[in-house]
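Peer 1: If you read the sequences in order, they're chains R and L. Those letters in the first sequence? Residues 1 to 258, per the numbering used here, in order. Those letters in the second sequence? Residues 1001 to 1270, per the numbering used here, in order.
In case anyone wonders, no lab produced these hints; they're calculated from the structure. Every value quoted in this text rests on a predicted model; they were computed, and no experiment measured them. Just so it is clear, CB atoms sit at the ideal spot from N, CA and C, and this is done for glycine as well. Among the clues, some could well be false.
Keeping only pairs whose Cα atoms sit at most 20 Å apart, straight-line, the calculated SDA-like set for lysine to any residue is [stated by the list, open to error]:
#1 K1027/L <-> G1221/L
#2 K1042/L <-> C120/R
#3 K1090/L <-> V1080/L
#4 K1027/L <-> P1235/L
#5 K1027/L <-> T1251/L
#6 K1090/L <-> V1079/L
#7 K1042/L <-> D21/R
#8 K1044/L <-> G119/R
#9 K1044/L <-> C120/R
#10 K1044/L <-> D1148/L
#11 K1042/L <-> R121/R
#12 K1090/L <-> L1191/L
#13 K1044/L <-> A124/R
#14 K1042/L <-> W1021/L
#15 K1090/L <-> G1194/L
#16 K1090/L <-> V1189/L
#17 K1027/L <-> D21/R
#18 K1027/L <-> C120/R
#19 K1044/L <-> K1027/L
#20 K1044/L <-> R118/R
#21 K1027/L <-> G119/R
#22 K1042/L <-> G1146/L
#23 K1044/L <-> H122/R
#24 K1090/L <-> F1183/L
#25 K1042/L <-> G119/R
#26 K1044/L <-> R121/R
Pairwise CB distance ranges, derived in the manner of DEER restraints [to be verified]:
#27 T1045/L <-> N193/R: 30 to 36 Å
#28 A1040/L <-> I184/R: 44 to 50 Å
#29 R251/R <-> S1047/L: 22 to 28 Å
#30 G1137/L <-> A139/R: 22 to 28 Å
#31 K1027/L <-> R118/R: 29 to 35 Å
#32 A62/R <-> G1015/L: 29 to 35 Å
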Amino acid sequence: MTPTPASLIELRGVSIPARQDPDITVVSGVDWRVEDGEFWVIAGPPGCGKSLLFEIAAGLLAPARGTRSVSTPSAAGMTAAASPSPERGIALVFADGGRPFNQLTVAENVALPLRYHRGCRHDAVASEVERLLDWTGLAPHAQRRPAILNRGLRQRIALARALALRPSLLLLDNPLGGLATSQIRWWLNFLANLQHAHHPALPAPAAIAVTTDNLRPWVTLGTHFALIEDGRWRSLGSPTEVASSQHPAVREMLIDPV
Amino acid sequence: MLQSPLPRSYTDFVGQWMLRWIDASHKMLAFALITLGVLATKFKTASAVVHPLIFEQIARAGLGMLPMIGFLAAALGFVVIGQTVAILTKVGAQDLIGTVMVTVFVRELGPLIAAMVVLLRVGTATVIELGMTRALGEVEALEALGIDPIHYLVVPRVLGMAIGVLTLSSYLILGAVFSGYLFAFLQDVPLTPGEYFRQLALALTWQDFALLALKTMAFGGILAVVTCFHGLAQPLLLAEVSSATTRALVTSLIACVALDALFIVVYLLM
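One chain only, chain R, in its complex shape:
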């Protein structure tokens, strides 16, 4: 009998509270377990609670009910020296531009988590920052402020900043939202490389989870799918099961946008 792989994160019976009023439950009954090497796609209409779910997973928000358990550092298999902050095994890239720090340059944004957790000067992390900027195509913008860059590039700053911590679980909140086709293609290629080719930016094996309101781009990339609809969590299974699903919300999210 093969042993059950260790979960990176497990949410059991979690209820997600509304941001403005914690007494209101937005989603209930979330049972979510993420393991090494998985690529999760969490679908749902805008405002259904996907972002709040990721905030709970990242430890930024307490669930109204249920438990959250994390075992990322051991799963990452990193030494303390390789990981600037072993407890930061989960990285979250926010939606709508990723929330870069506008008072810092692009390079300073990417260097900040490394410098903070290692307690070092910018020079000490310059080569790592350069590599992250190269991977994410941000090198030409290194000395610019995020405010003057477009949404797609700002989102990449947040991605590079999150990858700087070499997370075991990378959470991407609606990474393709509002992006141009070329940007979408870049993101899908980059994430495919991260997942399949054991990109040096992520410890291998690692897991990725994304939220979306359009399943089409993710069908070939995702390994596990789930749907949040009408305040309920529903596991959709594998890509094959998603493709053959007759659920109206899933069918709608699979059709070509008009």
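Knowing the structure of chain R, use the given hints to seat chain L on it.
Peer 2: Quick look at chain L alone, frame taken from chain R:
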């Protein structure tokens, strides 16, 4: 049952206002204690990142304010000290010059004016900056990276403003004392520089220096805690940043005046 002399709506209004005030004070005190805890426990953490921010804030609240403080010191010296010296000399009360100068400038005007300058120039900017940071979700972004927002955003401002108000008060007092004598000299007041400074030295005690340091750093700390609290400690929308700024300025002003009143009691007991 006791009958209120005021219509019910007035007493309700005052009661609700009092409850809101108590709630806000309670939250602000908790924020101040958390900040002190972080300052004490994390002062050496990530020093390569946080210490340059502390120096930046000291430069902003101290060095950056020097031209303004220089102007105010000259103006206040001319207006207050120059006239006081001239009047006291006219009525033959030259012996009181030192006591009056120390009471008016070292104990009261110097610290309070320096605190108000820092509040207007740096405190306002702090609420707006942190309010924008909060409204744009950058605080959560810091937390997601494992960076403590109090450590990264609040601690440098608290130290910057505390040290800024202390140093600016000292420069303001020194500048006003010198410019005041200059004004008295121009009015042909028969008071030698030696006598003027001898009287000042006689009126000053070591407690004045200790209390000046304590008071000015407390003013700076209050300004920083109140402005950071209003900008950072509660969820804000971009449209609410302006009202948060106004609330922070009024609260800071009231808190500084209240603390000043407490120090008057200490001075009277000396």
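Peer 1: Quick one: which hint numbers does this structure break? Sort them smallest to largest.
Peer 2: 7, 14, 18, 19, 21 and 29
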